[in-house]
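Participant: Spelled out from the first residue to the last, the chains are:
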Amino acid sequence: MPADRTTKVVTRLFGTAGSSSIEVAMKHGAYSRLATALGMTPAAIVDEVKKSNLRGRGGAGFPTGTKWSFIPKGADTVYLVCNADESEPGTCKDRELIFWDPHLLIEGMILSSYALGCKHAYIYIRGEMMREVAVLQAAVDEAYQKGFLGQEMRSAVGTFKMDLTVHRGAGAYICGEETSLLNSLEGRRGWPRLKPPFPAVKGLFGKPTIVNNVETLMNIPWIVEHGGAKFAELGVGKSGGTRMVCMSGHLNKPGVFEMPIGITFRQMIDEVCGGVPGGRKVKAVIPGGSSMPPLDIDELDVPIEFDALMSDPRIKPVMVRPGQVFELAPGRPLRTMAGSGGIVVMDDSTDIVAVTARIMRFYAHESCGQCTPCREGTGWLARVCTRLANGAGRLEDLELLSSISYGIAGNTICPLGEAAAWPMMGFLTKFRADFERAAATGEANHKAGRVPAAAHTHGGAH
Amino acid sequence: MATAFSPQAEQKIQDICRRYPNTQAACLPVLHLAQDEFGYLSDEVLDLVADRLSLPKSHVFGVATFYTMYHRQPVGKRVLMMCTNVSCMLRGGYDTLHKLEQTLGVKAGGTTADGEFTLIEEECLAACADAPAMICGRKYFLNLTPDKVEEALAECRKLPAHSHGATASASATQTPGQKKH
Ligand SMILES: Cc1cc2nc3c(=O)[nH]c(=O)nc-3n(C[C@H](O)[C@H](O)[C@H](O)COP(=O)(O)O)c2cc1C
Ligand code: SF4
Ligand code: FES
Chain Y
1 MPADRTTKVV TRLFGTAGSS SIEVAMKHGA YSRLATALGM TPAAIVDEVK
51 KSNLRGRGGA GFPTGTKWSF IPKGADTVYL VCNADESEPG TCKDRELIFW
101 DPHLLIEGMI LSSYALGCKH AYIYIRGEMM REVAVLQAAV DEAYQKGFLG
151 QEMRSAVGTF KMDLTVHRGA GAYICGEETS LLNSLEGRRG WPRLKPPFPA
201 VKGLFGKPTI VNNVETLMNI PWIVEHGGAK FAELGVGKSG GTRMVCMSGH
251 LNKPGVFEMP IGITFRQMID EVCGGVPGGR KVKAVIPGGS SMPPLDIDEL
301 DVPIEFDALM SDPRIKPVMV RPGQVFELAP GRPLRTMAGS GGIVVMDDST
351 DIVAVTARIM RFYAHESCGQ CTPCREGTGW LARVCTRLAN GAGRLEDLEL
401 LSSISYGIAG NTICPLGEAA AWPMMGFLTK FRADFERAAA TGEANHKAGR
451 VPAAAHTHGG AH
Chain Z
1 MATAFSPQAE QKIQDICRRY PNTQAACLPV LHLAQDEFGY LSDEVLDLVA
51 DRLSLPKSHV FGVATFYTMY HRQPVGKRVL MMCTNVSCML RGGYDTLHKL
101 EQTLGVKAGG TTADGEFTLI EEECLAACAD APAMICGRKY FLNLTPDKVE
151 EALAECRKLP AHSHGATASA SATQTPGQKK H
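Those protein sequence lines, which keep their order, are chains Y and Z. The first sequence: position 365 = 365 (this note's numbering), numbered continuously. The second sequence: position 119 = 119 (this note's numbering), numbered continuously.
Don't read these hints as lab results, they were simulated from the structure. Don't take each hint at face value.
[To be verified] Dumping the calculated DSBU-like pairs for lysine-lysine here, alpha-carbon to alpha-carbon at most 35 Å: (1) Lys281(Y) with Lys158(Z); (2) Lys119(Y) with Lys207(Y); (3) Lys12(Z) with Lys253(Y); (4) Lys57(Z) with Lys195(Y); (5) Lys281(Y) with Lys148(Z); (6) Lys139(Z) with Lys119(Y); (7) Lys202(Y) with Lys57(Z); (8) Lys202(Y) with Lys139(Z); (9) Lys207(Y) with Lys57(Z); (10) Lys119(Y) with Lys57(Z); (11) Lys146(Y) with Lys12(Z); (12) Lys12(Z) with Lys119(Y); (13) Lys148(Z) with Lys161(Y); (14) Lys253(Y) with Lys139(Z); (15) Lys107(Z) with Lys447(Y); (16) Lys27(Y) with Lys99(Z); (17) Lys253(Y) with Lys148(Z); (18) Lys99(Z) with Lys253(Y); (19) Lys107(Z) with Lys253(Y); (20) Lys148(Z) with Lys146(Y); (21) Lys139(Z) with Lys8(Y); (22) Lys27(Y) with Lys139(Z); (23) Lys50(Y) with Lys161(Y); (24) Lys99(Z) with Lys207(Y).
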């Protein structure tokens with residue numbers, strides 16, 4: 001049965017008092033899937049996950065079962081790492097998931113560890129989330145006390161015992177990128193690694209490692225309980241299950257919702273979030289965290305589903321510059337992607353150039369500095385956008401933004417470079433008139449000799 | 001300032017080290033612990049961490065300067081992390097930041113003269129649906145519009161201090177939120 005708006009896979013305990021305590025969670029079924037899973041072979045669980053069409057909820061939407069099957073057969077040590085570094089602007093689901101139901105995450109990690117042959121799993125949680133670190137650590141301690149962690153349990157193939165450690169980050173967006181995260185977990189600077197080798201072959205402490213997002217892992221207990229086929233049926237096409245959707249920006253009722261994966265942006269905005277305040281119109285929508293190219297008002301009838309956002313012809317291709325489509329591969333234009341589920345809505349009073357400048361400053365600040373195109377390029381994008389937004393820009397700045405973005409994309413170690421270049425090109429493609437107007441204002445200011453100082457920050461987007 | 005870990009901290013370090021196959025992986029958690037213990041990570045404290053974990057000082061120094069939450073300079077008793085990223089910006093996050101600056105009498109990055117607060121302009125705090133958002137310790141301040149700033153600060157003063165506080169002489173100029181490459 002396809003999911004409807006009341007289907008709950010990962011948010012069943014949202015709003016339940018005391019839901020993070022093991023007693024309350026167990027009353028609602030926490031750890032009840034352990035017996036089922038341990039009665040299966042690890043390979044059978046991987047098969048169910050493959051059948052489920054579960055796709056990674058951390059940003060790339062990669063099929064989880066396929067990723068799991070990349071672990072080399074017969075590996076002696078395997079690690080599972082949960083990515084709880086949530087820091088992609090606009091994304092606020094993992095924090096809520098951990099706060100309301102840490103035991104579902106722990107259960108999901110036990111089931112996944114058994115399936116993968118992992119004996120010590122780690123949760124890399126963002127350093128700033130001090131409240132959630134405390135909630136999660138308390139839940140892990142409870143799971144140890146109950147013997148779900150740290151003690152031998154009987155399984156279909158012998159016995160199973162695992163440890164789980166909460167590892168707190170220390171403030172660096174880049175540590176959400178999986179290889180940077182592994183370096184950080186190893187006690188190093190969070191510098192992304194070159195791939196290949198992929199973590200599934202050579203990851204944490206040099207061992208085969210699976211990195212999965214919080215929401216991804218929290219779906220595993222449901223899949224074990226109901227079977228992969230049922231999970232696939234909840235979804236659409238090759239995307240199984242439901243999706244956590246974070247709705248922020250200019251909305252009457254922003255919030256975090258678990259939704260059918262086929263719901264459209266327009267339905268989310270108008271039906272779930274009560275529309276835009278003051279009866280204003282939507283101008284732009286960031287579809288999945290600030291690194292994803294934006295949609296305009298004519299592109300909102302597309303579902304939030306992974307494949308639709310990449311290929312639906314109703315979404316206009318991103319252009320490098322007028323007349324030049326940006327292609328991911330020959331004949332495959334970049335439209336946008338579902339990313340992290342962070343949807344940011346901007347009304348028609350929004351200063352798009354100022355918003356773009358703020359987004360570019362974020363990526364410039366967070367670039368780890370290893371690759372020149374990213375380190376220098378993001379800095380340039382931030383400075384040029386900021387001067388345009390501040391009325392100090394030039395007409396040629398638009399072409400400058402295009403050529404810098406094009407120079408970054410595809411030329412860096414990790415995707416942070418694209419995370420800046422794609423939305424830059426996307427905003428320029430779909431809101432070119434706004435950038436032209438800003439450039440014209442800058443030219444007029446230059447001519448009149450009243451160029452404002454390009455301040456680092458400036459007040460608001462209106 | 002003491003230059004040795006307390007017995008309680010030493011116990012915690014041993015617990016931490018047991019969770020990893022080598023001491024290098026304990027670097028981040030032990031730096032967090034050291035910062036809790038000593039307030040900020042002076043050169044002396046970094047030396048102590050390097051010695052305790054048998055790591056090169058250059059390694060510990062490199063790690064401590066990479067991450068924004070490690071303070072290399074004294075900070076206030078309470079660190080205010082105010083988000084101005086896109087969702088917060090759209091809902092007036094900069095107005096709130098400016099109101100905080102005005103009320104506290106410091107610019108973002110600075111520490112108040114009484115050593116009470118360090119104000120940091122933060123990136124997205126994963127509270128975008130309740131923007132504008134600020135964190136102080138374990139407490140979130142959500143939908144924090146400028147009119148609620150005074151009330152929020154009063155509440156912050158009642159929260160447990162997460163560091164010993166900066167001395168008045170070492171205030172107002174640092175930028176702990178700044179990343180160094
Ligand atoms: C710059 C950057 C930041 C990222 N931040 C996160 C993050 O905060 N959380 C997350 O789960 N994935 C993040 N990712 C994606 C991870 O690299 C990785 O693909 C993901 O954790 C895999 O889990 P999944 O397959 O369950 O989605 C980020 C990727 C990049 C390039
Ligand atoms: S692309 Fe940017 S963030 Fe990624 S490794 Fe290179 S410099 Fe670092
Ligand atoms: S943008 Fe401010 S909390 Fe996410």
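Participant: Can you confirm whether the C-alpha distance between Lys281(Y) and Lys148(Z) stays at or below 35 Å?
Facilitator: holds (28 Å)
Participant: Would the hint linking Lys148(Z) and Lys146(Y) be met if the CA-CA limit is 35 Å?
Facilitator: Violated. Lys148(Z) to Lys146(Y) sits at ~43 Å, over the 35 Å cutoff.
Participant: Between Lys99(Z) and Lys207(Y), does the CA-CA distance stay at or below 35 Å?
Facilitator: violated (50 Å)
Participant: For Lys12(Z) and Lys253(Y), compute the direct alpha-carbon distance and say whether it is at most 35 Å.
Facilitator: Answer violated: Lys12(Z) to Lys253(Y) is near 44 Å, above 35 Å.
Participant: Given the hint that Lys281(Y) pairs with Lys158(Z), does the C-alpha gap stay at or below 35 Å?
Facilitator: Status violated; Cα separation ~42 Å.
Participant: When you check the alpha-carbon spacing of Lys253(Y) and Lys139(Z), does it fall within 35 Å?
Facilitator: OK: Lys253(Y) and Lys139(Z) at ~23 Å, within 35 Å.
Participant: Compare the distance between the alpha carbons of Lys148(Z) and Lys161(Y) with 35 Å, and conclude whether the hinted pair is satisfied.
Facilitator: This hinted pair is violated, its Cα atoms lying about 50 Å apart.
Participant: Does the alpha-carbon distance linking Lys27(Y) and Lys139(Z) stay inside the 35 Å limit?
Facilitator: Holds. Lys27(Y) to Lys139(Z) sits at ~28 Å (cutoff 35 Å).
Participant: Holds or violated: are the alpha carbons of Lys202(Y) and Lys139(Z) at most 35 Å from each other?
Facilitator: violated (38 Å)
Participant: For the pair supplied as a hint, Lys207(Y) and Lys57(Z), is the alpha-carbon distance within the 35 Å limit?
Facilitator: holds (27 Å)
Participant: Tell me if the straight-line CA distance from Lys119(Y) to Lys57(Z) falls inside 35 Å.
Facilitator: OK: Lys119(Y) and Lys57(Z) at ~32 Å, within 35 Å.
Participant: Taking only the CA atoms, is the gap from Lys202(Y) to Lys57(Z) under or equal to 35 Å?
Facilitator: This hinted pair holds, its Cα atoms lying about 27 Å apart.
Violation of the numbered hints given earlier is confined to hints 1, 3, 8, 13, 16, 20, 24; the remaining hints are satisfied by the structure.
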